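Number of protein chains: 2
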Amino acid sequence: MAYELYYWPGIQGRGEFVRLALEEAGATYVDVARDEGIDALMAGLAAEGPGRPPFAPPYLRDGDLVVGQTAAILLYLGPRLGLVGESEADRIWTHQIQLTLADAVAEAHDSHHPIASGLYYEEQWQEAARRAADFRENRIPKYLGWLERVLGSNPAGPRHLVGDRLSYADLSLFQLVEGLAYAFPQATERALAVTPKVVALHRLVAARPRIGAYLGSDRRTPFNEDGIFRRYPELDG
Amino acid sequence: MAYELYYWPGIQGRGEFVRLALEEAGATYVDVARDEGIDALMAGLAAEGPGRPPFAPPYLRDGDLVVGQTAAILLYLGPRLGLVGESEADRIWTHQIQLTLADAVAEAHDSHHPIASGLYYEEQWQEAARRAADFRENRIPKYLGWLERVLGSNPAGPRHLVGDRLSYADLSLFQLVEGLAYAFPQATERALAVTPKVVALHRLVAARPRIGAYLGSDRRTPFNEDGIFRRYPELDG
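Chains as they are written, first to last, in full-length UniProt numbering: chain H, 1 to 237; chain Y, 1 to 237.
No lab work stands behind these hints: they were computed from the structure. No experiment lies behind these values; they were computed from the predicted model shown. Some hints here could point you the wrong way.
[Claimed, not checked] Have a look at the derived ranges for each label pair, beta carbon to beta carbon: (1) H/Met42 <-> Y/Ala46: 46 to 54 Å; (2) H/Ala46 <-> Y/Tyr121: 33 to 41 Å; (3) Y/Pro185 <-> H/Pro50: 29 to 37 Å; (4) H/Tyr214 <-> Y/Glu225: 24 to 32 Å; (5) H/Arg210 <-> Y/Arg220: 35 to 43 Å; (6) H/Ala43 <-> Y/Ala27: 39 to 47 Å; (7) Y/Val199 <-> H/Val194: 49 to 57 Å.
[Unchecked claim] Rough simulated footprint, nothing fancy, chain H against chain Y, three-plus residues with beta-carbon under 8 Å: (8) 67-76; (9) 121-131; (10) 180-187; (11) 228-236.
[What the hints assert, rightly or not] Using 25 Å as the maximum straight-line C-alpha spacing, the simulated SDA-like pairs for lysine to any residue come out as follows: (12) Y/Lys142 <-> Y/Glu107; (13) Y/Lys142 <-> Y/Arg210; (14) Y/Lys142 <-> H/Lys197; (15) H/Lys197 <-> Y/Gly49; (16) Y/Lys142 <-> H/Ile228; (17) H/Lys142 <-> H/Gly82.
In this text, a Cβ means the ideal position worked out from N, Cα and C, and glycines have one as well.
Chain H with its partners taken away, still in its complex shape:
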């Protein structure tokens, strides 16, 4: 049975981290809200009666099981898609990296929405200017610097984050770098200039045949100013 991914249509958002894993694995999946509209997505969020309601998209349906929270979805899919190591130690380390990438993604969102996700950017642009300055000067270098260190201290070598094989965390690193480079091209270029192993892993993922095919397809929604990574030139520098 095909996996069903439920996420807001029109943006990459957090759903994209799940899509990249499904695409790399060549898994059969339905991007429900993108392909069929958001009615089913909204129904899943509002379901009454006995069950396990997700807090927010993305969520994944696999038969009777529903899993929400991006990192939990990847924790669940990793072994099934062959995108994580076999040992418990490798799996918990891969997940730990994923949770740290998720923290970076949340901060990227808050760089343009530091006050309230329910308000427009235009209602919080002054606070965003201050928060984005800290994000680009301190947080982007800190996150990319830690990823560089993880790669450099990998006993199996610096090609991958965990061991000597591709994992879902590698795919998520690719997406984080893509998003940061879109939203903060100048600040990200500066940070990447001193994180060559991160740059190399980003290139390695982009060169994967299935990822390349996906990025060139119309299934890949372009970045835009409704998503998590937004290009507001006044926030870069």
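Assemble chain Y onto chain H, guided by the hints.
Chain Y in isolation, oriented as in the chain H frame:
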């Protein structure tokens, strides 16, 4: 061998979610930085050479294995401490709830630090006033309302978040409610007035013998204005 917990001394912070699980299980553990100073904690963060460096505290050492990220630590400890169900479905659902609680904790932090964690509150109190207003009016009710819904839709009954047994997510719900009630007493009282199942679970956890003993011990650091949950009366209302 005893578990070793590494976390900033002097605050409950994210380490407290791990402490509550260890205490409830009666596990043998060393709270390294609290009992022995922060040198070992700093060394673990700065370690060079082959390895798997945590991004930030808390991290847990279990023999040779180091696990960072609060939710990942609980994912690892849950089966070992008997604080999660046996099935994969129960485990991934418990973890999903934990990740959502972690999101609420991060937002509680940002309610007083909306611009930069590296700046003092006094340097961002104006932005904090705006963010805290959204947090108490929209976010606290949303998170507690979702937890109420999770309890109400649990097929095994509303006493616990997952199935009919105590899990680490129940303990974390207790800690979230404690923290919110400390930081935002008025807003939290309003939210809890319409989430009676959350209130009941909070009471159930507080009445656990080992939790009660822990809360009354000097191992429980009091809330204070260096932690994640801070009482700034001007942010409540």
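Hints, verified against the model:
no.: 1; hint: H/Met42 <-> Y/Ala46: 46 to 54 Å; result: holds (47 Å)
no.: 2; hint: H/Ala46 <-> Y/Tyr121: 33 to 41 Å; result: holds (38 Å)
no.: 3; hint: Y/Pro185 <-> H/Pro50: 29 to 37 Å; result: holds (34 Å)
no.: 4; hint: H/Tyr214 <-> Y/Glu225: 24 to 32 Å; result: violated (48 Å)
no.: 5; hint: H/Arg210 <-> Y/Arg220: 35 to 43 Å; result: violated (51 Å)
no.: 6; hint: H/Ala43 <-> Y/Ala27: 39 to 47 Å; result: holds (42 Å)
no.: 7; hint: Y/Val199 <-> H/Val194: 49 to 57 Å; result: holds (51 Å)
no.: 8; hint: 67-76; result: holds (count 7)
no.: 9; hint: 121-131; result: holds (count 4)
no.: 10; hint: 180-187; result: violated (count 0)
no.: 11; hint: 228-236; result: violated (count 0)
no.: 12; hint: Y/Lys142 <-> Y/Glu107; result: holds (12 Å)
no.: 13; hint: Y/Lys142 <-> Y/Arg210; result: violated (30 Å)
no.: 14; hint: Y/Lys142 <-> H/Lys197; result: violated (40 Å)
no.: 15; hint: H/Lys197 <-> Y/Gly49; result: holds (16 Å)
no.: 16; hint: Y/Lys142 <-> H/Ile228; result: holds (21 Å)
no.: 17; hint: H/Lys142 <-> H/Gly82; result: violated (30 Å)
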